[in-house]
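Student: Read off the chains here:
2 protein chains.
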Amino acid sequence: MRTAVILMLTIFLPPALEAAPPPSNGIPLPATYKHWQVLGVSHRDDNRSLRAIVGNTTAMIAARKGDTDPWPDGTILGKLVWKDSRHPFWQPAIVPGALSHIEFMVKDRKRFKETGGWGFARWVGDKLEPLNNDGGKPCFECHKAAAKTDFVFTRPVRLP
Amino acid sequence: MRTAVILMLTIFLPPALEAAPPPSNGIPLPATYKHWQVLGVSHRDDNRSLRAIVGNTTAMIAARKGDTDPWPDGTILGKLVWKDSRHPFWQPAIVPGALSHIEFMVKDRKRFKETGGWGFARWVGDKLEPLNNDGGKPCFECHKAAAKTDFVFTRPVRLP
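If you're matching them up, the sequences are chains A and B in order.
Numbering of the first sequence is given in the working numbering, commencing with residue 1 and proceeding in unit increments.
Numbering of the second sequence is given in the working numbering, commencing with residue 1 and proceeding in unit increments.
Hint data in this document are derived by calculation from the structure and do not stem from the laboratory.
Just to be clear, a hint being listed does not mean it is correct.
Which copy? The list can't say, so a pair holds if one copy fits it or any two copies do.
Here are the simulated lysine-lysine pairs, DSSO-like style, with alpha carbons at most 30 angstroms apart [said to hold, decoys possible]:
#, residue 1, residue 2
1, K65, K83
2, K83, K144
3, K83, K148
What you are looking at is a predicted structure, and each value in this text was computed from that prediction instead of being measured.
Between the sequences and the hints, there should be enough to build the whole structure, so can you do that?
Tutor: Here is the structure:
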């Protein structure tokens, strides 16, 4: 019971106390994103960045049921992106350096019907400067490469 | 309210329905680990593996307060480790392949006083075969490289 109370506090208290940055492409920063669960991890060796992929409750339920073709309306997927750094005590490990950006895909088939049913939002750097790029159309252009998987690159990890 | 109820269900229901694997070094698999929040990410280019680092509620509260020197008793840190794979639609991205293992560090200064106050546990592969290696002493030997940071390699990420 005590754990449940602490959990509710950690989930619901912080957003109310923090100032939100301006929206990106008309999408507000999801207030609870720091508390979402893990859907995946990736490392890009072209632009040398490490990523944690997280999801809101709708996303996690869909992913665990394998119900992601298409992802349901209400899904929000988040990508937390850091520049590569080397671990000071363990050189073969590449670990998060400076924050590059955080970005989100929001599923709403009606609202975002021109971009595959997804809204695209990004905030850059520690100051969370919002990106506004023609309603996310350039984002969607790249995501067309993942058209077979509802325009989502991330394949949710399965844990035993 | 509905979100809170769904959240409680996703946190508390699944463990009761799943069979637990045998303990590792006398430590049981943390029942709710799939639902923990993200503390970090890493990629090892020596053994080609990708990692998500997650923490229980005690760990997350300590990390967000910067209260990790030392980490408090009750902390559990989890590392979810996959073999490298290349994304089929986006070659520069290294993504999780087969599950390598999941491993945990459990802080209890009394119980684990011979290994820096930490218990070490690991379950290997999709079958979650438990590792039993002399109470985790070989794990501790390597973790001595991180003695300056309470034997923990992971530096929790800070999100704005």
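Student: Now, for every hint given, state plainly whether the structure supports it.
Tutor: Going down the list of hints, with the structure as the test:
{"no.": "1", "hint": "K65 to K83", "in the structure": "between (32 angstroms within a copy, 23 angstroms between copies)"}
{"no.": "2", "hint": "K83 to K144", "in the structure": "both (25 angstroms within a copy, 27 angstroms between copies)"}
{"no.": "3", "hint": "K83 to K148", "in the structure": "both (29 angstroms within a copy, 24 angstroms between copies)"}
This entry satisfies every hint, going by the numbered hints stated previously.
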